[in-house]
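Student: Order-wise, the sequence lines are chains A and B. To convert, count from 1 in the first sequence and add 87; that's my numbering. To convert, count from 1 in the second sequence and add 10; that's my numbering.
Calculated from the structure, these hints are not laboratory results. Mixed in with the good hints, there may be bad ones.
[To be verified] Coverage of chain B stretches by chain A, computed from C-beta distances (three or more under 8 Å per stretch; other residues unrestricted):
(1) 361–374
(2) 386–394
[As the list claims (entries may be wrong)] Simulated crosslink set (DMTMM-like; lysine to aspartate or glutamate; CA at most 25 Å straight-line):
(3) A:K199 x B:E469
(4) B:K471 x A:E228
(5) B:K368 x A:E155
(6) A:K249 x B:D392
(7) A:K249 x B:E456
(8) A:K184 x B:E282
(9) B:K278 x A:E210
(10) B:K361 x A:E245
(11) A:K184 x B:D382
(12) A:K184 x B:E402
(13) A:K199 x B:E394
(14) B:K219 x B:E394
(15) B:K368 x A:E245
(16) B:K372 x A:E210
(17) A:K249 x B:E469
(18) A:K184 x B:E394
(19) B:K368 x A:E197
(20) B:K408 x A:E155
Where is the CB? At the ideal position from N, CA and C, for every residue including glycine.
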Amino acid sequence: MTNYHSVGVIGGGSWGTTLAHLSGINNNKTLLWMRNGIDEINTHHRNSKYTKDYVISEQVKATNSLEEVAENCEIIIVAIPSHSFRQIAYKLGNYVKADQILLSASKGLEQKTRSRMTTILVEETCCKKIGVIAGPNLFEEILKGHPSATVVSSRFNEVIVKTVKAFASKNFRVYGNNDVLGSELGGAMKNIVAIAAGMIDGLDFGNNSKSLLVTRGISEMCRIGDRLGTNNSTFTGLTGVGDTMVTCACNLSRNYRVGYHLAKGKSLNYICENIVSVAEGINTCKVIHEFALEVGVELPIIRGVYEIVHENKDIMEVITSLMQRKSLWE
Amino acid sequence: MKPEHKEDVCHDVVERVFEAQMQRVQRGEVLLETIINDTIYHEKKRLHADPDKKALKYWKSVNKRFLLADRKEQESILKELIKIFIDEIVGHFDEKVYRFSTNILPVGLGILLNTISPRVLLSKFPRLPDLRDSLLIHGEIELLRELEKKGTVILLPTHSSNMDSIIIGFALYKIGLQPFTYGAGINLFTNWIVSYFMNNLGAYKVDRKKKAALYKDILKEYATVTIEYGYNNLFFPGGTRSRSGAIEDRLKLGLLGSGLKAYINNLKNNKEQPKIFIIPCTISYELVLEAEGLSKDFLRQTGGSKFIIQDDEFSRLGRMINFVSSTLSLDSRIYVNICPAMDFFGNRVDKDGVSYDKRGRKVDIERYVFVDGQVDHLKQRDEEYVRQLGTEIVQLYKQYNMALSTNILASVIYKILLRDNPQMDFYRLLFTGGEKEYYTVDEVLEPLKVFMVELRKLEEKNEIFIDERLKDADAEVILNHALKRFRVYHNKPSIIKKNEKIYINNCNLIYYYNTRLMDYGIEIQEKNDD
């Protein structure tokens, strides 16, 4: 027999806290693992560092014990930045058991190994029922109770059914699909497009340019997805078009802000040190660009972002070269 | 199947299959009439194509009864059909035949060969060729031996020849284990010698021409029940012999699903030793008995016309003797490389039957099959576990593949041909063997050296095995080793060396032997135009 009676979230950043809240308002006892800010959540139901003054569900209990989360939760969502994801997954792996469900809520790829977050969960734990939760989810709008939706992808239907039950509410729809790779790639690659969208706004180019960027960016997602065996319709869903649209339109997105400030002449170092702490798109664009070169897939926008971000190329020069590419059939 | 279990196993299969079919009917998934109709239709169709008067008469009579049958009679017909099929499938194990065959088979083949090879008999120090010398078993032998005591083992070999089941049978004997139960294609029973041994050594019959869904369900259930009875099973997850010669990268998972079902049933029934261990293994031949037939079939398949070979080298006794003779007299080797054991969830298992995750932590695997805290079947979940297991098996096959001289030389030659004939399409290249009439020995040795450097690097990283005789051998030794083997057995040797020139003689076979090393990304030096 198992003794699970809670939902667990690992990582008390803005998205992790929001997920814990969504579970909490669904009357699930929810454990939120975090290093700092535990008392504030448990006493005042707030996480002011990451989710401003929004009230977090009283069903959410913060803890700094991974063991406690693993002991009590059938569903555990890991919402940790990609650079420390493996380390935390390994520690979690010391406690979880074979019947538990692990979901990644992180949208990135591991730089050293190019691994997806779900692959890391498989490698670092004994769990097999793995999935990803991704979609156009700006935490602030969700905490305000505005209508939103997300996608849970897993090869196991059981994972989808249980996650929908835990998170779907009157203002939050949860869809399911089996294309884990597609959802993870969409979630990771939209961050690169978002950097480019920030540049477009930083240069005051307007909506035509952004529309061009988004549609051709989705096309690049499909191309690399095709090479890797994803279902292309995933990229036209919430984790592809949906997530890309929201990130490219929202000036609160961290990746967007990286692009915006680069276009305004700030250096990447300055941006990372003073404006955004973590922007997954910076690392993801390096990983995807290198992979595309290896497998011979043409991704001009992603290559352009890579050249600007990692090779310090002039933005206008890159845009000019993109626009001067030979005209092709769409 | 031991005689004392036969009746119970058949009874269980009949009851379970009948029950499962009736549940489908009750759930409204299918009509009872449809199940029976489908079975009669497929059987009559098969028998029209491959006439058997007695059987046809039977199926016609069933059809007649079915047309007049009320519900109760339909149920009784369904049960009868299941019984008919299971009686045909069920294997037999005869201890006496087993003892006899394991004693005579290795040397027996040698004696048989001496009747055709008087030179060996008349030589000064005649030494009878013996399968025991040619068959080398590597890998996790001790683990296999130990796990067989701790639960039920499912052995999953690669499949390139109908000799595989004989080789595995003999390998198990050498290791000290009794034969494993396995489903042999009914076409194998056309060779009377092999048929005798198969009939009495636990093989059950699988007729691939029987297309009725009911028949397939019975086969799967038979496998499930035998595993639950503790019979170690042997599946060839590639389904049929690899047509291209390549190591399997896509598996048929139906029988593995039966294994997982048996494991869950074992847990639910509180069996004393419920665990089932998955042990893949690779079988590598320097020469493959049916290489010519299979490679032709592969080319026909990729060209569009698909069929099942009913009459190939294996069904011709003369070819088989010729093959065994060539293999044994050449100091030729057949390697069986046993991979690490896994549970159904892809975790490695130690000799005590304990599972470990990828970071070496113990796993309580019973929990994988919990439904709300209780052990139970869950169709989609279990299918996904088996799919993931299939991926792990494919990786192990690749890792435990044995690179032999024939594979190495064929790979190098094929790459040279590709390099030198970039304009030719695949079929034309195989048909013509390229534009050059021959290559000098040096033209082959140089790329062979480069190839070996790459191959040895892979071996150091534990990504492949290399025949121990070739590990430190220089390129010339490897070349001659392979040429010596290519010279014998095949009607048309694939590569011939004459006057220091290498002639491409049978490009189909070169492609066939090359595929074994195709997916490792090993390259030869680029051609220097200068």
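Student: Evaluate each hint against the coordinates.
Tutor: Each hint, compared with the structure:
Residues of the segment 361–374 of chain B lying with their CB closer than 8 Å to a CB of chain A number 6, which satisfies the three-residue condition for coverage. With 4 residues carrying a beta carbon less than 8 Å from a beta carbon of chain A, the segment 386–394 of chain B meets the three-residue requirement, and the given coverage holds. For a cut-off of 25 Å, the pair hint linking K199 (chain A) to E469 (chain B) stands: about 24 Å separates their Cα positions. Between K471 (chain B) and E228 (chain A) the CA atoms are separated by roughly 50 Å; this puts the pair beyond 25 Å, and the hint is violated.
Only pairs whose Cα atoms come within 25 Å are accepted, and K368 (chain B) paired with E155 (chain A) is accepted, the gap being roughly 23 Å. Only pairs whose Cα atoms come within 25 Å are accepted, and K249 (chain A) paired with D392 (chain B) is accepted, the gap being roughly 17 Å. As the CA atoms of K249 (chain A) and E456 (chain B) are separated by approximately 60 Å, the hinted pair breaks the 25 Å bound. Pair hint K184 (chain A) plus E282 (chain B) holds up; C-alpha atoms about 23 Å apart against a cutoff of 25 Å.
Taken as a hint, the K278 (chain B) and E210 (chain A) pair is broken in the structure, with Cα atoms around 29 Å apart against an allowance of 25 Å. Taking the CA atoms of K361 (chain B) and E245 (chain A), the gap is near 33 Å; set against the 25 Å cutoff, the hint is violated. Between the alpha carbons of K184 (chain A) and D382 (chain B) the distance comes to roughly 14 Å, so the proposed pair stays at or under 25 Å and holds. Between K184 (chain A) and E402 (chain B) the alpha-carbon distance is near 21 Å, which keeps this suggested pair within the 25 Å criterion.
Restraint check: the Cα-Cα separation between K199 (chain A) and E394 (chain B) comes to about 29 Å, which exceeds 25 Å; the hinted pair is violated. Restraint check for K219 (chain B) and E394 (chain B): the C-alpha separation of about 28 Å exceeds 25 Å, so the hint is violated. Taken as a hint, the K368 (chain B) and E245 (chain A) pair is honoured in the structure, with Cα atoms around 23 Å apart against an allowance of 25 Å. Restraint check: the Cα-Cα separation between K372 (chain B) and E210 (chain A) comes to about 14 Å, which is no more than 25 Å; the hinted pair holds.
Between K249 (chain A) and E469 (chain B) the CA atoms are separated by roughly 44 Å; this puts the pair beyond 25 Å, and the hint is violated. For the given pair, K184 (chain A) sits about 18 Å from E394 (chain B) by alpha-carbon distance, which is consistent with the 25 Å threshold. For the hint pairing K368 (chain B) with E197 (chain A), the CA-to-CA distance comes to about 18 Å; that is within 25 Å, so the pair holds. Distance check on the hinted pair: K408 (chain B) and E155 (chain A) sit about 41 Å apart at the alpha-carbon level, beyond 25 Å; violated.
Against the hints set out earlier in the document, violations occur for numbers 4, 7, 9, 10, 13, 14, 17 and 20.
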